[in-house]
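Student: With chain A's structure known, arrange chain B on it following the hints.
Residues per chain, in single letters:
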Amino acid sequence: MKVLKKLVDNIKPTFSKGGKLGFLHSTFDAFETFLFVPDHVTKKGVHVRDSLDLKRTMTMVILALMPALLFGMYNTGYQHNLSIGGDMSFWAMFFFGLLKVLPLIIVSYVVGLGVEFIAAQIRGHEVNEGYLVTGMLIPLIMPVDVPLWILALSVIFAVVIGKEVFGGTGMNIWNPALLSRAFVFFAYPSQISGDKIWIEGLSKGEGIVDGFSGATPLANAAAGQDIPSFMDMFIGFIPGSIGETSTLAILIGAALLLFTGIASWKIMFSTFAGGMLTALLLNALAPEGSYMALPAVNHLVMGGFAFGAVFMATDPVTGSQTERGKWIYGFLIGVMAILIRVFNPGYPEGMMLAILLLNTFAPFIDHFVVQSNIKRRLRRAAIK
Amino acid sequence: MSNKILLRKGLNIPIKGSAVNQIARSISPDILAVKPTDFRGLNPKLLVKEGDLVKAGTPILADKKHPEILICSPASGTVKEIVRGEKRKLLQILIQTDKQQEYEPSNAHDICTSGEAKELKETLLSSGLWALIKQRPYGTIADPSKEPKAIFISGFDSAPLAAEMDYAMKNEFDNMQMGVNILSKITKGGVHIGLHADTFAGSPMHRLQKAKIHVFDGPHPVGNVGIQIHHISPINKGEIVWTLDLYALVAIGRLFNKGVFDLRRVIAVAGPKVIKPAYIETLPGIAIKEIADFADTSNEVRYGDEVGVRYISGNILTGDNVGIDGYTGIFHNVITIMAEGNYREMFGWIKPLRSKKFSVSRSYFSWLMPRKKYNLDTNLNGGERAFVVTGVYEKVLPMDILPLYLFKAILAEDIDKMEQLGIYEVIEEDVALCEFVCPSKSDIQDIISRGINNMIKEMS
Chain A
6 MKVLKKLVDN IKPTFSKGGK LGFLHSTFDA FETFLFVPDH VTKKGVHVRD SLDLKRTMTM
66 VILALMPALL FGMYNTGYQH NLSIGGDMSF WAMFFFGLLK VLPLIIVSYV VGLGVEFIAA
126 QIRGHEVNEG YLVTGMLIPL IMPVDVPLWI LALSVIFAVV IGKEVFGGTG MNIWNPALLS
186 RAFVFFAYPS QISGDKIWIE GLSKGEGIVD GFSGATPLAN AAAGQDIPSF MDMFIGFIPG
246 SIGETSTLAI LIGAALLLFT GIASWKIMFS TFAGGMLTAL LLNALAPEGS YMALPAVNHL
306 VMGGFAFGAV FMATDPVTGS QTERGKWIYG FLIGVMAILI RVFNPGYPEG MMLAILLLNT
366 FAPFIDHFVV QSNIKRRLRR AAIK
Chain B
390 MSNKILLRKG LNIPIKGSAV NQIARSISPD ILAVKPTDFR GLNPKLLVKE GDLVKAGTPI
450 LADKKHPEIL ICSPASGTVK EIVRGEKRKL LQILIQTDKQ QEYEPSNAHD ICTSGEAKEL
510 KETLLSSGLW ALIKQRPYGT IADPSKEPKA IFISGFDSAP LAAEMDYAMK NEFDNMQMGV
570 NILSKITKGG VHIGLHADTF AGSPMHRLQK AKIHVFDGPH PVGNVGIQIH HISPINKGEI
630 VWTLDLYALV AIGRLFNKGV FDLRRVIAVA GPKVIKPAYI ETLPGIAIKE IADFADTSNE
690 VRYGDEVGVR YISGNILTGD NVGIDGYTGI FHNVITIMAE GNYREMFGWI KPLRSKKFSV
750 SRSYFSWLMP RKKYNLDTNL NGGERAFVVT GVYEKVLPMD ILPLYLFKAI LAEDIDKMEQ
810 LGIYEVIEED VALCEFVCPS KSDIQDIISR GINNMIKEMS
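Line by line, the protein sequences are chains A and B.
Add 5 to a position in the first sequence, counting from 1, and you land on the number used in my numbering.
Add 389 to a position in the second sequence, counting from 1, and you land on the number used in my numbering.
Just so you know, these hints were derived from the structure itself, not from any lab.
One thing to keep in mind: the hints can contain errors.
[Claimed, not checked] Listed below are several chain A residues computed to face chain B (Cβ distance under 7 Å; list not exhaustive):
id	residue
1	K49
2	V51
3	L59
4	L261
5	T265
6	P321
7	V322
Think of the CB as a built atom: it goes at the ideal place given N, C-alpha and C, for glycine as much as any other residue.
Chain A on its own, in the form it takes in the complex (with noise of 0.2 Å):
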């Protein structure tokens, strides 16, 4: 440790502004950061601080999203080998899913950071940490079989577009993971829509057990065909993004998000309650044996619903930032995730967009709330 300390001395002046490297000042200080909590003390205002920093904060998001990620690894390898009717062992599926994964969480991170260490250079930053994030985000709404180049793609799409170009981390108005699974989406719809893309292997047309579709659920109520169990679907064994298909393991995510604090409990409590009444009213509006009709807890535990109101949902930077906003905000993007699956014929998951939608109307809906804040304490002026 002395040692490091000493080196990181020695070579700090090489990177600080005057000295030879000293433009990769952003970079150099980066990993200084990394390695060590900076000297850094107090100068004005409190002389002490609470210990939580943003770093702190994005490690407990990436923690909670492990389940998610090994889950989704081991996944991989089920869904593949239930595609090709083989009988590999846990492990193999797990080690199947982790060779799968991994490249895409290697190309998101070097992708994605490389863009923010070159933006925080220009603009003489510190490097944020809010990439660390995003770029587990990333992979995990994506499907296994994506193409890294349109993942890369999408990656710059999300940092520059999504983050940067509003003046970094903090500033964004669309959450940047959504964002590039947007750009996906809708710039390149064959590659990753379809029935072949969520399982490794489906989409080159290899070998494939007869009967095997490997649509999502989600497509297939759509389509008005069976759906996997309510518990398959809860535990996650069913095609999908990554790190979508298991509500269990997001739920023991959003327990450690819950129990930290770091995330609003009131958004993911509002955008499931906002989910499960719009289906409750669907079912009992439904004609017999339409779409409309799936039993409203499935929906829940159906496609991205459940990580988006986890772990997109909850993003404060994007998400409402008043305390009564919250709850108007992620009930209504219960409402909009359920309404698009149900009523938009084109594309069968609907979170994405609404929590996109809802990220746009955020600002209007904390503009109402700050409104009534500002009438209530006006109008304690009046009563006196």
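Tutor: Quick look at chain B alone, frame taken from chain A:
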């Protein structure tokens, strides 16, 4: 007991080293500093020069805009040095005391019962005690030409390691009562005193006549007078209230009881680096060197780096880092001594335990040990970032104010929005906890200062 106002939001920072109720020393200081920077909005005009003889209560400074507002020497002696900073800004006036403590004569005692409001105000002004009365909005020196809605005094300080007021005031009941008598004559809205539910019964203050007692319960910042005002009678646009601390109240009482300008007070010396945290009896503006022997200055190594010691006049949230060569401020009731945090902790942000670190967040394990007191230091514990996380400030600000939106309005210099969102109701100390918990390490108090300065400029 009047109605209790329970505030759930807030935080008591568990820092080691609170003072035990015992006066360790009575200090007759050698050198005293009068710091014009203690008073917001003061445009100081120097009334003395180096070498002048002064008594306790001799005016040293006057306000250029309100020449009737005077700031006086707390002790008798000689003006030793006038210290200026950049652009000749007046920083402090050092007084070499003669340790005789001669007082400027005052007729205050003669009018303590018969005096009219106007007469009493004039006496307060000429005595120099007026400068200790603050005005809200903004926390500037009270404008004597204005009529305040009411006068508010917090009867306790809930800040970490702050002096316990019941102890510091235990022999001052008569002076407090006289102070209240005088103040209640100069305002129509009356004198309001906030007490804490936990200490209410044992506090002599609840026996004070002519004051309206309000009982509060909850964690810091419940003891901040601004928070109390918000729950008793919030400040709306165009309204003015005055506030003062108990030391000022006692000083006013002494002036009218005994006719002397006597600022003697009991303050705490506390903090993790104090060997025996206790109280001292002294005057405001003493040199930190006078209490240097309270500090444990042995070389301490934290995470492989040697760290220094920080001397703070005031508490860890709002005090000034004055250093070993500095002097205490007139509005501070504690001197805090703690470790600096100039160390580099390897992989600190990712270490799961970090049992020496405190956090309100449960991403650390300090929630498992709610009674543990920490040897906190001044490390920033992270890097400065843009506002990212939401909902954290709200948890420590017990006011009907949307903190994030107020801060953003200030940063955008949007005067209308600042007004609507509550700039009139807060000063720096009220949002200090927001700054403590901020994971983006923003300088929230500095933002509020900027907002207040902007408002003062805009409104004048």
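Student: Under 7 Å, Cβ to Cβ, is where P321 of chain A needs to be relative to chain B, so tell me if that hint holds or is violated.
Tutor: Where the cut-off is 7 Å and the nearest Cβ of chain B is about 4 Å from P321 of chain A, the hint holds.
Student: Holds or violated: V51 of chain A as interface residue toward chain B, Cβ cutoff 7 Å?
Tutor: holds, 5 Å
Student: Is the hint on T265 of chain A kept, meaning its closest Cβ partner in chain B is under 7 Å away?
Tutor: holds, 4 Å
Student: Answer holds if the nearest beta-carbon of chain B is closer than 7 Å to that of L261 of chain A; otherwise answer violated.
Tutor: With a minimum Cβ separation of about 9 Å from chain B (threshold 7 Å), the hint on L261 of chain A is violated.
Student: Hint validation: V322 of chain A versus chain B, beta carbon distance must be below 7 Å. Holds or violated?
Tutor: Hint holds; V322 of chain A Cβ to chain B Cβ min 6 Å, cut 7 Å.
Student: Against chain B, run the beta carbon of L59 of chain A and see if the smallest gap drops under 7 Å.
Tutor: Constraint on L59 of chain A satisfied, holds at 5 Å.
Student: So, K49 of chain A near chain B? Judge it on the closest CB pair being under 7 Å.
Tutor: At about 6 Å, which falls below the 7 Å cut-off, the nearest Cβ of chain B leaves the hint on K49 of chain A intact, so it holds.
Comparing the model with each earlier hint shows a violation of hint 4 alone; every other hint is respected.
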